[in-house]
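> Taken in order, these protein sequences are the chains called H and Z.
Heads up: the first sequence runs through residues -12 to 301, numbered per the working numbering.
Heads up: the second sequence runs through residues 35 to 691, numbered per the working numbering.
There's no promise every hint is true.
Stretch by stretch, here's where chain H covers chain Z in the computed footprint (C-beta under 8 Å, at least three residues) [said to hold, decoys possible]:
1. 153 to 163
2. 349 to 355
3. 600 to 609
Hint data in this document are derived by calculation from the structure and do not stem from the laboratory.
Treat the numbers as computed from the prediction; the structure is a model and nothing was measured.
Positions of the beta carbon are idealized from the N, C-alpha and C atoms, including for glycine.
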Amino acid sequence: MASNVIRVVGARVHNLKNITVEIPRDKLVVITGLSGSGKSSLAFDTIFAEGQRRYVESLSAYARQFIGQMEKPDVDAIEGLSPAVSIDQKSTSHNPRSTVGTVTEIYDYLRLLFARVGVPHCPICGREVRRQSAEEIVNALEQLPEGTRLILLAPLVRGRKGTYQAVFEEIRKAGFTRTRVDGTIYSLDEEIQLDRYKQHTIEAVVDRLVLRRSEDEEERKAARTRLTDSVETALKFGEGYLTVQVLGDETQAARDLYFSEHLACPEHGVSLPEIEPRTFSFNTPHGACPECQGLGSKLEIDPQRLIPRSIRSA
Amino acid sequence: MREGAIAALEWNGPREEGGYYWQMLEAVARAFHIDLDKPVEEVPKEKLDLILYGTRGREVPIHYRTAQGREFTFVRDFEGVIPNLERRYRETGSDYIRDRIAEFMSDRPCPACKGARLRPEALAVTVDGYNIVEVTSWPIHRTLQWVERLSGPQTPLGERQRAIADRVLKEIKARLGFLVNVGLDYLTLNRSAATLSGGEAQRIRLATQVGSQLMGVLYVLDEPSIGLHPRDNDRLLRTLCGLRDLGNTVLVVEHDEETIRTADWVLDLGPGAGEHGGWVVAQGTPQDIMQHPTSLTGAYLSGRLRIPVPSQRRSGNGKWLTIIGARANNLKNLTVRIPLGKFVCITGVSGSGKSTLMVDVLYNALAARLMGARVQSGEHDRIEGVEHLDKVINIDQSPIGRTPRSNPATYTGLFDEIRKLFAELPESKVRGYRPGRFSFNVHGGRCEACQGQGELRIEMQFLPDIYVPCDVCHGKRFNRETLQVRFKEYNIADVLDMTVEKALEVFSAFPAMVNKLRLLQDVGLGYIRLGQPAPTLSGGEAQRVKLARELSRRATGRTLYVLDEPSVGLHAADVHRLIEVLQRLVDAGNTVIVIEHNLDIIKTADWIIDLGPEGGERGGEIIAEGTPEAIMQVEHSYTGQFLRRHLQLTPGIPGTS
């Protein structure tokens, strides 16, 4: 079998006249001729069919039963045949889920790329979303200028309607004395009346502190410990979320900083799923748009067609 | 509205007995003071919405009278015409109702994801500021540029990200590169695979194979050059040679001259088609083939035989068809003038918008106006000059029938003639057989065991169905008595098994049949069997059967024919014949528009419209229009350049001076 030709002996498939041909291996070979002269009979129905049949024969009987029987092409012998791959034009996919990206597998690699190096954002506000540990949050807060006054808040209710007396009770029970409701800080000793039909945001005030960079090693350590404790408490009480109000002064207005232990937008609380390649697959429920199940389009009644223009003013 | 403004069946208007749906509508109209006698356009939108989308929980007293005269009164909310139809579309068990409702539906981008197909969370993940949907919506050449930027020195990625992404980017870059190499850089990754042409899908698979880097494999390809502009053919050939250089055998069935010239080894089969084929006429290097005395391929390759360039281009009938403001897909607000009474060729690289212009816009618009077809045409302002035409016919490559009961003989009407002939035979007269006896589709003459199919389907449960020849008629499709009637020595089953060529001999005394058979032969189908089941015909064969049928009809002289790549699957000798057939149509005063890459066809056109310059977003403009001679003078027209080169290769032909 050291020959470098594919030898087809006595091919009689369709209209082939018992022909014997040698096809050089590792070469670009063109079969040409008039339409219907037997080109495809030789290339596909003889050479490829036999190559495929031999491959299938090598599978176990169990596997073969699923493939179906392959007929042996009408040929005396074919020598020097390699495993054959056919690239024809008929076997296109008519599945609406197949795209150029999926059939070339490029999309699979793109999914991997986006899952591993993609930067997640909040789908509502577009802000970059990051997962931060308590330690990272503390480090970030310590970067703020000396003398900054901070209020650490644990968010409990985000923009929802209700009176929330139970939430205040819960905050009180947890040992906190203040709460921030819709941006204003109240003492929990007061009676807080909320409009049932308006949206409210409620946070528990966990700690209030001023950033100081002390010269003294001990003092600095103590300050850091307090900050860390408070951040951890707030994260625990706020179920992984933390809001820090930076109080303003003459130069700067007050602002809020948002942090989260989860991969979630701390402001809108939209929790992102773990970013995996399947998140980007429109063929799994993990990634597909829930409205159209990943098809991108929906079949709907079109009012334009329902009331055709021609008789619109009938 | 009372006169039937809402086209859906039950909402159409008052029926004699009233109708449940209509009475509901009247009740809603009464409750919300909607005047059903007014034209729909005068009904305020919010009130129309009540009818279309329902009352959303607001209840309406309904007084319902049945056809039997019984009356009911109840109070309920009205679900609305559109939700009603959508609900019934989902719930109905009847295909008929579903089809009826589907007429009012259209496929629209999903309102939640706007066609992006992914959850908002997935869309919010970006690399270099782009999300995955944006990246897949670019043409491949742009995606490749982006990937190269990510992996290049200007990368926006951080050190850590680079390390992670490095190998992935390399893979993506290689695969995109393969797609560019096979001439598909105009496609986008999110393009649905179902909308690709056969040639595009094949080249994608080719690109995937190149990526697998296997060696020692035998690749068998069927006409990979289909749908490829000569400019992109070079790249395809390089890819094929690349596969070979990896250590694979590449076996290509091909008619394209360039490909044959590039091959290391050529097998020429023939000499004729069908029964006259099946022999090896010549084999060897392209040089050997060219010098071979009897090889038809060699004759065309060496220029001994050639398709002549007409010495004169037709002047046409002076009338024009003008498409104004075509904007469908990538078309750039084109105004295109098409001369009537000429052989017109639309050219341009793949994806430049040829089919969009000719089929989506022109054909669909004309079919709707002239033939009353219910199709939506691609976006355009208007078409002028339609009054010069009375028919438009699209001869495409879609199958002529999906059932094995359809075949070239039935499709062209030839079988009717044959059956009439058989019924006229003395033997039939004696037995009282009428033409219907010789049909395999109706009760009477057919084999009842297989109902005229010739084969039986055996269901294998979880395995694919298998087909076995019918054991009663042995695949002949008719019962014994019918087969006893013979014309010359052939019975009806033998006739179905004949090739067109053979039938021409046998029925040479019958002009009506000869006419139809000759047309089949003229379009290069002399080798097909009359009874070959339609699903087994290739796209090109189906197209040519349709062409033969159109040719057999009486030409009105005002018909517009649109053909998309009729040269597919044709050898140079067949192309030659096809051109003659098309020219005959034009000679009869008709207009023929072909979308073509084959330079032999392009050079024989009277008028060329070249689109480009590239595919996809970079296409959709007119590069040049005019006679082939004029196109060749246009420096920036790829088609013009290749045409010039092509005609220089075959010198001594008018038009090259």
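> Taking the hints in turn, state whether each one holds.
Verification of the hints:
1. 153 to 163: That given contact holds, which follows from 9 residues of the region 153 to 163 of chain Z lying within Cβ reach (below 8 Å) of chain H.
2. 349 to 355: With 0 residues close enough to chain H, the hint is violated.
3. 600 to 609: holds (count 5)
When held up to the earlier numbered hints, the structure conflicts with hint 2 and nothing else.
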